[in-house]
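Student: Read off the chains here:
There are 2 protein chains.
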Amino acid sequence: MPEVPLQPAGQIAPRLSTRELVARLRGLLGPESVLSDPEELRPYECDGLAAYRELPRVVVLPDTEEQVVKVLRLCSAEGIPVVARGAGTGLSGGALPHKDGVLLSMAKFMRILEIDPLARTARVQPGVRNLAVSEAAAPYGLYYAPDPSSQIACTIGGNVAENSGGVHCLKYGLTVHNVLKVRAATIEGDIVEFGAEALDAPGYDLLALITGSEGMLAVITEVTVKLLPKPEKAQVVMAAFDSVEKAGEAVAAVIASGIVPAGLEMMDSITTRAVEDFVHAGYNLDAEAILLCESDGTEEEVAEEVARVIEVMKAGGATEIRVSRDDAERLRLWAGRKAAFPAAGRVSPDYYCMDGTIPRKNLGKVLKGIEALSKEFGLRCMNVFHAGDGNLHPLILYDANVPGELEKAEEFGARILEMCIEAGGTITGEHGVGVEKLNQMCLQFRPAELETFHRVKHAFDERGLLNPGKAVPTLHRCAEFGRMHVRAGKERFPDLPRF
Amino acid sequence: MPEVPLQPAGQIAPRLSTRELVARLRGLLGPESVLSDPEELRPYECDGLAAYRELPRVVVLPDTEEQVVKVLRLCSAEGIPVVARGAGTGLSGGALPHKDGVLLSMAKFMRILEIDPLARTARVQPGVRNLAVSEAAAPYGLYYAPDPSSQIACTIGGNVAENSGGVHCLKYGLTVHNVLKVRAATIEGDIVEFGAEALDAPGYDLLALITGSEGMLAVITEVTVKLLPKPEKAQVVMAAFDSVEKAGEAVAAVIASGIVPAGLEMMDSITTRAVEDFVHAGYNLDAEAILLCESDGTEEEVAEEVARVIEVMKAGGATEIRVSRDDAERLRLWAGRKAAFPAAGRVSPDYYCMDGTIPRKNLGKVLKGIEALSKEFGLRCMNVFHAGDGNLHPLILYDANVPGELEKAEEFGARILEMCIEAGGTITGEHGVGVEKLNQMCLQFRPAELETFHRVKHAFDERGLLNPGKAVPTLHRCAEFGRMHVRAGKERFPDLPRF
Numbered sequence: 001m002p003e004v005p006l007q008p009a010g011q012i013a014p015r016l017s018t019r020e021l022v023a024r025l026r027g028l029l030g031p032e033s034v035l036s037d038p039e040e041l042r043p044y045e046c047d048g049l050a051a052y053r054e055l056p057r058v059v060v061l062p063d064t065e066e067q068v069v070k071v072l073r074l075c076s077a078e079g080i081p082v083v084a085r086g087a088g089t090g091l092s093g094g095a096l097p098h099k100d101g102v103l104l105s106m107a108k109f110m111r112i113l114e115i116d117p118l119a120r121t122a123r124v125q126p127g128v129r130n131l132a133v134s135e136a137a138a139p140y141g142l143y144y145a146p147d148p149s150s151q152i153a154c155t156i157g158g159n160v161a162e163n164s165g166g167v168h169c170l171k172y173g174l175t176v177h178n179v180l181k182v183r184a185a186t187i188e189g190d191i192v193e194f195g196a197e198a199l200d201a202p203g204y205d206l207l208a209l210i211t212g213s214e215g216m217l218a219v220i221t222e223v224t225v226k227l228l229p230k231p232e233k234a235q236v237v238m239a240a241f242d243s244v245e246k247a248g249e250a251v252a253a254v255i256a257s258g259i260v261p262a263g264l265e266m267m268d269s270i271t272t273r274a275v276e277d278f279v280h281a282g283y284n285l286d287a288e289a290i291l292l293c294e295s296d297g298t299e300e301e302v303a304e305e306v307a308r309v310i311e312v313m314k315a316g317g318a319t320e321i322r323v324s325r326d327d328a329e330r331l332r333l334w335a336g337r338k339a340a341f342p343a344a345g346r347v348s349p350d351y352y353c354m355d356g357t358i359p360r361k362n363l364g365k366v367l368k369g370i371e372a373l374s375k376e377f378g379l380r381c382m383n384v385f386h387a388g389d390g391n392l393h394p395l396i397l398y399d400a401n402v403p404g405e406l407e408k409a410e411e412f413g414a415r416i417l418e419m420c421i422e423a424g425g426t427i428t429g430e431h432g433v434g435v436e437k438l439n440q441m442c443l444q445f446r447p448a449e450l451e452t453f454h455r456v457k458h459a460f461d462e463r464g465l466l467n468p469g470k471a472v473p474t475l476h477r478c479a480e481f482g483r484m485h486v487r488a489g490k491e492r493f494p495d496l497p498r499f
Numbered sequence: 001m002p003e004v005p006l007q008p009a010g011q012i013a014p015r016l017s018t019r020e021l022v023a024r025l026r027g028l029l030g031p032e033s034v035l036s037d038p039e040e041l042r043p044y045e046c047d048g049l050a051a052y053r054e055l056p057r058v059v060v061l062p063d064t065e066e067q068v069v070k071v072l073r074l075c076s077a078e079g080i081p082v083v084a085r086g087a088g089t090g091l092s093g094g095a096l097p098h099k100d101g102v103l104l105s106m107a108k109f110m111r112i113l114e115i116d117p118l119a120r121t122a123r124v125q126p127g128v129r130n131l132a133v134s135e136a137a138a139p140y141g142l143y144y145a146p147d148p149s150s151q152i153a154c155t156i157g158g159n160v161a162e163n164s165g166g167v168h169c170l171k172y173g174l175t176v177h178n179v180l181k182v183r184a185a186t187i188e189g190d191i192v193e194f195g196a197e198a199l200d201a202p203g204y205d206l207l208a209l210i211t212g213s214e215g216m217l218a219v220i221t222e223v224t225v226k227l228l229p230k231p232e233k234a235q236v237v238m239a240a241f242d243s244v245e246k247a248g249e250a251v252a253a254v255i256a257s258g259i260v261p262a263g264l265e266m267m268d269s270i271t272t273r274a275v276e277d278f279v280h281a282g283y284n285l286d287a288e289a290i291l292l293c294e295s296d297g298t299e300e301e302v303a304e305e306v307a308r309v310i311e312v313m314k315a316g317g318a319t320e321i322r323v324s325r326d327d328a329e330r331l332r333l334w335a336g337r338k339a340a341f342p343a344a345g346r347v348s349p350d351y352y353c354m355d356g357t358i359p360r361k362n363l364g365k366v367l368k369g370i371e372a373l374s375k376e377f378g379l380r381c382m383n384v385f386h387a388g389d390g391n392l393h394p395l396i397l398y399d400a401n402v403p404g405e406l407e408k409a410e411e412f413g414a415r416i417l418e419m420c421i422e423a424g425g426t427i428t429g430e431h432g433v434g435v436e437k438l439n440q441m442c443l444q445f446r447p448a449e450l451e452t453f454h455r456v457k458h459a460f461d462e463r464g465l466l467n468p469g470k471a472v473p474t475l476h477r478c479a480e481f482g483r484m485h486v487r488a489g490k491e492r493f494p495d496l497p498r499f
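Chains as they are written, first to last, in UniProt numbering: chain U, 1 to 499; chain S, 1 to 499.
Under the rule of at most 20 Å between Cα atoms (straight-line distance), these lysine-lysine pairs were calculated in the PhoX-like manner:
no., chain 1, residue 1, chain 2, residue 2
1, U, LYS171, S, LYS230
2, U, LYS171, S, LYS171
3, U, LYS171, S, LYS226
4, S, LYS171, U, LYS226
5, U, LYS246, U, LYS368
Partial chain S-side listing against chain U, Cβ under 8 Å, derived:
no., residue
6, VAL176
7, THR211
8, GLU300
9, GLY424
10, ALA448
Note that these hints are calculated values from the structure, not bench results.
All values reported here derive from a predicted model rather than from experimental measurement.
Ideal Cβ placement from N, Cα and C applies to all residues, glycine included.
Hey, can you work out the whole structure from these sequences and the hints?
Tutor: Laid out in structure tokens, this is it:
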């Protein structure tokens with residue numbers, strides 16, 4: 001491929017002084033929507049990946065799409081980096097500010113513009129919280145399916161930017177499968193709309209391209225999502241196992257039997273013990289691992305599926321099986337799962353959350369590998385994850401006050417991700433690459449593939465002003481990192497010089 | 001956005017003479033895989049849209065990915081256009097040859113490389129026929145869900161290029177929802193892989209971008225698809241109605257009731273009469289329209305859903321309801337639907353198939369509009385389509401031997417597509433834009449959006465050598481066409497000069 005002139009992060013030299021920039025932004029948005037005092041900037045210095053922090057030059061909080069467009073046109077004209085931010089709940093540093101740039105908060109875009117119960121769609125502004133969409137749709141018996149654990153706080157705009165998942169994505173898909181249309185502003189301030197309320201749209205699938213693009217291609221100003229009818233009934237089966245591996249194999253067996261549960265999650269004993277104290281879900285604390293398997297649908301469908309799930313779990317060696325008797329109990333069982341990350345704080349001063357995804361058939365093998373690495377590094381690891389779709393969330397427990405432990409945790413994490421790639425998987429299932437997994441991108445992709453990513457970025461944002469330095473490493477960085485991609489499967493045609 | 005230097009179709013001036021080109025290609029592939037005699041080229045002059053025909057300079061039939069790479073490197077070095085072709089069943093002219101170019105047939109890529117019953121995936125070469133995937137997966141109780149009517153003949157590579165749909169896409173999604181990974185060669189001959197066997201992949205979603213890109217971005221050399229467990233049971237409800245509108249409203253009512261049928265299709269009386277004679281499906285020929293609504297799943301699920309479907313159809317005014325008693329009867333009912341396009345040849349010398357998609361809630365309104373247009377143009381129109389997902393396939397009947405009828409049919413078709421856009425829909429659901437709907441793209445998209453498409457194309461194929469002149473019109477062409485986009489919804493901020 002021809003060379004793309006890449007703008008490495010941090011080499012952008014904006015012409016405007018901060019004082020001039022603030023003055024011009026205040027002129028566009030009014031003084032109350034522009035923050036520049038260091039104390040006001042502080043809350044924006046990081047997202048959910050707090051190990052990385054940076055103060056932006058200025059924070060803007062526009063009210064309208066027109067103001068967003070004006071900010072982008074100013075930044076584009078003056079060569080100033082722009083980082084868009086939703087609720088800042090992201091876990092890979094995607095909303096980490098740029099020190100020379102404008103942090104564009106979409107927090108004021110909180111309006112639900114339309115709920116169409118017949119077409120089953122919701123048109124919302126990007127700052128609307130994930131859960132607020134389902135709340136607004138509830139009077140019509142509808143809801144929005146993707147449910148990240150942070151759904152109380154995280155926003156739809158951020159969900160689209162990261163292609164967020166959640167417990168129910170096994171049956172209902174990731175964000176990309178539940179978004180119909182996105183309206184966005186390019187760095188030059190052009191408004192573009194991708195997707196359609198109909199099933200498909202002509203032209204390249206830029207809707208899918210924008211989804212999961214981590215704020216690198218455009219600033220989202222409006223999102224139309226699919227709504228689903230709330231299932232008549234939902235029930236959870238909790239199954240306990242005396243080994244993590246057996247639980248992993250039971251997951252594969254459930255899926256292999258043809259069941260697509262609404263959710264299928266695994267928690268190991270470190271996790272269940274950490275959460276049981278405060279959620280009182282009634283988890284089996286003697287088990288090495290438990291599975292939570294949800295069925296939803298009509299009464300009949302649920303009864304039939306639950307019976308089949310129980311059968312498969314028994315055949316897989318479950319030591320205890322319990323079925324939620326009512327919705328309160330079902331929600332308690334899920335509450336522990338959703339609180340697992342914060343609960344890690346009860347058993348360790350610090351933790352580092354990974355997000356590898358592997359083909360389900362390799363679950364047992366990879367879990368065993370993580371156990372071995374845990375011994376090798378002398379660090380404990382909680383395993384709590386979306387087992388049904390092979391999306392692991394190992395939480396590496398460490399103490400940042402012990403010299404060297406953070407580095408050890410990071411190396412442990414990197415080894416887990418390399419193992420995921422070798423097992424035919426990927427380095428992120430739903431949290432994104434951000435700043436956290438740039439090196440692992442070098443392992444997952446060939447140079448020609450990384451270059452294709454850069455060329456797509458260049459097509460939208462020639463000078464690399466939108467969220468610079470995130471998501472896709474430069475080839476230079478990969479060369480410095482010094483390791484090539486380890487993707488499973490041999491490269492073919494070694495005789496052809498360019499492979 | 002900055003200007004993109006666009007290479008308009010047909011202005012490419014290859015340096016090599018045809019004689020030299022053929023000699024070099026024969027050197028790369030062997031003489032038997034390079035066709036240059038006009039008689040040998042003839043079968044490749046068009047795809048399923050036979051109104052457009054063009055002979056390529058040469059046809060190549062490589063055997064291996066390595067040979068594909070060599071062909072692409074030669075064409076790239078010499079500035080020769082390349083059009084890739086699967087089975088040539090496409091309906092929008094996507095595989096129409098370029099007169100100065102190489103027609104790259106993937107017909108020899110017919111191997112099923114791997115069926116993994118545990119991971120439920122099939123890894124196949126792009127020339128494998130759609131139905132052959134399901135046949136290979138059948139011994140494991142699995143199948144590949146997307147089922148275009150041409151599935152006996154059409155290939156997976158073509159399905160990916162066009163993001164093909166089919167009867168079962170309402171429940172199981174389009175091709176893009178059933179593809180996990182694509183391996184492809186860029187015009188420069190670099191091998192790239194996008195997607196993963198896992199649920200999600202990091203980086204921009206180039207898998208979705210490639211899917212439906214109509215051969216404009218890369219040449220697909222390998223595809224990994226999802227397989228689904230064959231449902232235990234399937235049953236079809238046939239419901240007859242005394243008006244097309246009532247049938248349209250019943251479709252909306254089925255979906256609104258929360259049922260997601262495996263398929264929900266409509267055929268009007270011109271269609272049922274045309275096909276009944278040779279499929280003997282037992283369609284109600286007195287009805288103005290019939291609906292075919294399929295349920296699949298376990299015995300219990302099907303029984304429950306069929307009962308609900310019957311209830312909704314009755315409430316919607318169905319004059320007759322019949323449920324398939326066995327699989328033979330079910331397949332007969334579908335056979336008529338799948339044969340509807342060829343059957344049009346029985347009632348009219350020529351027909352022109354449209355592919356607009358609209359929000360379901362507007363079905364009744366748009367069907368009425370088509371009826372009015374049919375009177376206005378004095379041309380009959382068969383309506384047979386994927387009603388459940390709002391994907392219309394009006395077949396305009398005309399006689400090419402009557403002077404002016406083709407032009408009338410084309411104008412009628414264009415008016416239908418404009419009506420679809422105005423109803424909040426799109427100009428294609430599953431057949432692609434190709435050469436057929438370039439003008440309608442001008443109506444559907446804003447200039448900034450079309451320019452974004454061109455920039456993405458440019459990111460993959462700087463000189464526009466892959467399938468030139470297809471899928472996305474130049475802004476120049478739109479200006480000449482002289483009509484602006486008619487998308488529903490007002491443009492905001494008329495005061496900002498750039499909108």
